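Assemble the complex: chain A is given as a structure, and chain B must be docked to it using the hints.
Just so you know, the protein sequences line up as chains A and B, in that order.
All residue numbers for the first sequence refer to the numbering used here, where the first residue is 1 and numbers rise by one.
All residue numbers for the second sequence refer to the numbering used here, where the first residue is 425 and numbers rise by one.
Everything labelled a hint here was simulated from the structure, so no lab data went into it.
All figures in this text were calculated on a predicted structure; none of them were measured in a lab.
Glycine is no exception: its CB is placed at the ideal position from the N, C-alpha and C atoms.
Incorrect hints may appear among the rest.
Claimed, not checked - Just the calculated beta-carbon pair ranges, DEER-fashion:
| id | chain 1 | residue 1 | chain 2 | residue 2 | range |
| --- | --- | --- | --- | --- | --- |
| 1 | A | Arg-232 | B | Asn-631 | 51 to 61 Å |
| 2 | B | Val-626 | A | Ser-356 | 50 to 60 Å |
| 3 | B | Ser-774 | A | Asp-66 | 46 to 56 Å |
| 4 | A | Ser-362 | B | Ala-771 | 27 to 37 Å |
| 5 | A | Arg-232 | B | Arg-551 | 32 to 42 Å |
Unchecked claim - One side only, chain A facing chain B, incomplete, derived with CB under 7 Å:
| id | residue |
| --- | --- |
| 6 | Leu-69 |
| 7 | Ser-70 |
| 8 | Ile-281 |
| 9 | Ala-284 |
| 10 | Val-319 |
| 11 | Gly-352 |
| 12 | Ser-356 |
| 13 | Glu-375 |
Unchecked claim - Pulled a few chain A residues facing chain B out of the computed Cβ check, cut under 7 Å:
| id | residue |
| --- | --- |
| 14 | Trp-62 |
| 15 | Leu-254 |
| 16 | Leu-283 |
| 17 | Ser-285 |
| 18 | Met-289 |
| 19 | Pro-293 |
| 20 | Arg-294 |
| 21 | Ser-315 |
| 22 | Gly-316 |
| 23 | Cys-318 |
| 24 | Ala-371 |
| 25 | Leu-372 |
| 26 | Ile-374 |
| 27 | Asn-376 |
| 28 | Thr-377 |
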Amino acid sequence: MAPSTSSHAPSLDNLIKSFNSQSLEASIESLIFLLKRRQVKGDECAKATAHILRQVVAKAKWRDVDELLSRVQSVGSRLVRSAPLEPVIGNVVRRVLGLIRDEANEDRNADDFGSEAASDIQSLTSSTTPHPLRPGPSPIRPSPSALSSGLPVSKSMFNLLSVKAPSASPVTGASTPLSQAQPASVHALRSEVMDGIEEILDEINQADDQIAGFSEIQIHPGDYVLAYQPSRTVERFLVKAASKRRFTVIIASLESPSPGSSESPYAALRKKLNAAGVNTINLASNGLMAYIPRVNKVIFSAKAVYQNGGLLVDSGSCVAAQAAREYLKPVIALCPVYKFCPEDPSDEVSRGELGSPGSYVSYANGPAVDALDIENTVTDYIPPDLVDVYLTNLGPQTRHHLASILADHYKIEDIGLSLQLGEP
Amino acid sequence: MAAETNGAPEGAPAVQDGAKLAPTPANAPANAPANAANTEKLTAAQLKAKAKAEKAARRAQVKEAKASAATAPQAQDKGAAADGKGAKSKGKQDGQQTQGRGGQLQAHRPSVSGRRPSMPIVERDIRSGIPECFSHLPMAKRIPTSQAHKDVHPAVLAVGQQMATFALNDSIARLKATLLAFRKVIESYETPKGNSLSRHFVPHVLNPQIEYLTECRPMCFAMGNAIRLIKGNINKFDIDTAEDEAKEGLLEWIDFLINERITLAEYAIARNAAQSINEGDTILTYGHHRLVEKTLLEAKHDGKAFDATVIDDPYGCGGLELAKTLRQAGIPVSYSPNLGGLRPKVAAASNVFLGGEAIFANGSLHAPSGTADVAMAAMNAGVKVIVLCETINFDRDRVSVDSLTYNEIDPERNTADSFRLLFDNTHDRYITGVITEFESGGGNSPAQAILALLRKQEDPLID
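Only chain A is shown next, with the shape it has when bound in the complex (with noise of 0.2 Å):
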């Protein structure tokens, strides 16, 4: 059952380069023992998950809009069970499926009208605009009949019209209309959705920096900032601020001090904070409270971000957010637009994941092996009450405008995708 032939060390990198030699099937296998194994985790799975969903689209055999949004949702809820605690992943595959009814609606559409003027708007209109899920452009292109009509509406009348000839693909934009009737516009479909999925990837691929450009804004000179376990995300963040400000950053973490490996565990971003002249300090340290006095402004990254405004965060983050509620220091959650997921965090998310204690307690020690029930969580769940900023790639928000956030990226439909996961 490994993962694939070519990739001894089985990794993303790997999966992704050999894609092209296995078949789909295979790919997704070898991804979903990926997740599995946590060899794939975190900011990777959103990634990941658009990679394979890509190959379903563009490999699997679909003939309408209906059965690709079947293939997808079926592998995607594979993915999501597969690693239960990643709700990226089902965020990513809900963005796909939204983005396939667009694209299904945008087609209906461009032939309601009928004519070639008005399909030359639409691919105007989504020409102009490269991020078609950015909160600008949505409010316009989900057609308000697939709003309130849903799905059965839509589909049964793209097939209506794909019995007749259909206008050629509108992104493209592609001057001569196929007059193939089917599988012209699968074709058209097909590609639309890729680009599509690119998009989502780029935009996945560009969160970091997008928010690394806030940074000016929320640290000022002079300040002190506990950045929590920083993550990639926070890293660009740190090191962006650090070309304009001087300020202070204190790095704590949950590291647990194993000997041996007890070298400094950020010594790659405090090298790049201290080279940009920012001071680091390195807390070993379980308890917050006793620099949050010190401290101006507390940053970690999120795992996800719940509807209610709930953070999953690596564990620790909480006790330092609620550290810094008790002397009003402001806490920014650093959370890309692709994090938000529109459910209410699970139980099993507010009492955390469980995680190897073996980095604590060794498996030398055994009377307390025997007998202790040992129990290292490894990540929190923040109640909202708890942050004040919630930087995403779209600007700094709060959490009482999350809803609209989450209702420009996602359909209605494929909110409920976590609750379909339960059947098979």
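Just chain B now, kept in the frame of chain A:
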């Protein structure tokens, strides 16, 4: 580098000196009878931990002796070192009695200090690495016994070393060791001609000891209180009091202090706190505090069935020992090695028991770093937070509103690469009640009431 190459041959004989002198039996038998009353049985594990701690301390001494060898006159250095070693062998006795409870706590310390050699060997100013924003805080420091003031009593020297290496860590263990060392100082004190004990002892004998101890590690609040009490007591003696009588009185009074404020207090607190545990409770605690351990064992002994959750500090790993002890006593224990998932764990508990290092006049609790986070999470989850603290730890003069006013830097982690404060400050609004030795069953006082409490008991602290 030069110091290192020169120092190596110097260092070697020093170790040998230590080895030769350590078993010197001269002092040991003399102390034995005096100690017999207080001596607790030592387990093999405790002895081992002890030996480790001493080894680490000796290694550090040798290293520092190396550094100073270049400058200090050789002969004097050696003589002093020999003194120090002699003291060490004697001090061992003192340390051991106080370690009955603390012995297990220290087990992790030597291994931590064992890592020290990875730091630069020529380390002139140990405070130079402290980030500027924390540079106002004090830090324990290892002073080579050769550099101590000449008036420092050997017993105090040993206690100082143990404090600097955190072999004595907990406030009460330190207090007890200090008091026992002061006993020795008083025993060996002879008033010079033309002086009286009440006028001469404090400025010329006691103060250098206190200075030395403070230099080794900032005094804990209990020690401050006890020293104030001792001084007050000495001043009460009439100038004409005969020396023997005064010494006798002082020794008796110190024994009284140890009995009343430490031994009995511990018993009473554990008793009272155990009564507040109900059948079926889940008791959550943070780190390893002697009083919490006693309390839980006591409650178990009373036949109560309850669960315990131990949340540990990965940098101070005492909690694992506590978890094992509790497990051995038959209490179901869930152990968390760090503060991850704190909120759900605290919310599942029915009571949170915390041990305190000190309580300030405004009711805020001074306790090992992380305690405040646990207390806050508990209070936010609507769980009772009960602090166990002897009244000798109450500070009636000082007020602290944040953790950066009175704190200590961990001498093992004092640079920007790795920095840690030892304590934090828990606001009194996160404390439901404090159990002290004055409480009679069930009722415990709010944290703000400490001044009233001290007054009510007509404590000698209130003049």
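Evaluated hints:
1. Between A/Arg-232 and B/Asn-631 the beta carbons are some 57 Å apart, a value that agrees with the proposed interval 51 to 61 Å.
2. For B/Val-626 and A/Ser-356, the Cβ-Cβ distance of about 57 Å falls inside the hinted range of 50 to 60 Å, so the restraint holds.
3. The hinted window of 46 to 56 Å between B/Ser-774 and A/Asp-66 holds, with their beta carbons roughly 54 Å apart.
4. Taken as a hint, the range 27 to 37 Å holds for the pair A/Ser-362 and B/Ala-771, whose Cβ atoms sit roughly 30 Å apart.
5. Evaluation of the 32 to 42 Å hint for A/Arg-232 and B/Arg-551 yields a pass: the beta carbon distance comes to about 35 Å.
6. The criterion of a C-beta within 7 Å of any C-beta in chain B is not met by A/Leu-69, whose closest approach is roughly 37 Å, and the hint is violated.
7. Because the closest C-beta pair between A/Ser-70 and chain B is about 37 Å apart, greater than 7 Å, the hint is violated.
8. A cut of 7 Å between beta carbons decides the hint on A/Ile-281: the least distance to chain B is about 5 Å, and the hint holds.
9. About 4 Å separates the beta-carbon of A/Ala-284 from the nearest beta-carbon of chain B, less than 7 Å, and the hint is met.
10. The beta carbon of A/Val-319 is positioned within 7 Å of a beta carbon in chain B (closest approach about 5 Å), and the interface hint is therefore held.
11. With 7 Å as the threshold, the beta carbon of A/Gly-352 comes within range of chain B, its nearest partner Cβ sitting at about 4 Å, so the hint holds.
12. A least Cβ separation of about 11 Å between A/Ser-356 and chain B goes past the 7 Å threshold, and the interface hint is therefore violated.
13. Using the Cβ-Cβ criterion of 7 Å, the hint placing A/Glu-375 at the interface with chain B is satisfied: the shortest such distance is roughly 5 Å.
14. Hint status for A/Trp-62 relative to chain B: violated, with the closest Cβ pair at about 43 Å, above 7 Å.
15. Contact between A/Leu-254 and chain B, as hinted, is supported at the beta carbon level, the nearest pair being about 5 Å apart and thus within 7 Å.
16. Checking A/Leu-283 against chain B by beta carbon gives a least distance of about 6 Å; that is within 7 Å, so the hint holds.
17. This hint holds: A/Ser-285 has a C-beta 5 Å from the nearest C-beta of chain B, less than the 7 Å allowed.
18. Because the smallest distance between the Cβ of A/Met-289 and any Cβ of chain B comes to about 4 Å, under 7 Å, the interface hint for this residue holds.
19. Interface restraint check for A/Pro-293: the shortest CB-CB distance to chain B comes to about 4 Å, inside 7 Å, so the restraint holds.
20. Annotation: interface hint on A/Arg-294 holds; nearest CB of chain B at approximately 6 Å, less than 7 Å.
21. Interface restraint check for A/Ser-315: the shortest CB-CB distance to chain B comes to about 3 Å, inside 7 Å, so the restraint holds.
22. Interface hint status for A/Gly-316: upheld, as the beta-carbon distance to the closest one in chain B is roughly 5 Å, under 7 Å.
23. Look at A/Cys-318: its Cβ gets to within about 6 Å of chain B, closer than 7 Å, so that hint holds up.
24. With a least beta-carbon distance of about 4 Å to chain B, the hint placing A/Ala-371 at the interface is held under the 7 Å criterion.
25. The criterion of a C-beta within 7 Å of any C-beta in chain B is met by A/Leu-372, whose closest approach is roughly 5 Å, and the hint holds.
26. For A/Ile-374, the suggested interface contact is upheld, since its CB lies about 5 Å from the closest CB of chain B, less than 7 Å.
27. Because the closest C-beta pair between A/Asn-376 and chain B is about 6 Å apart, less than 7 Å, the hint holds.
28. Interface hint at A/Thr-377: satisfied, since its Cβ lies 3 Å from the closest Cβ of chain B, which is below the 7 Å cut-off.
In this structure, the hints that do not hold are numbers 6, 7, 12 and 14, in rising order.
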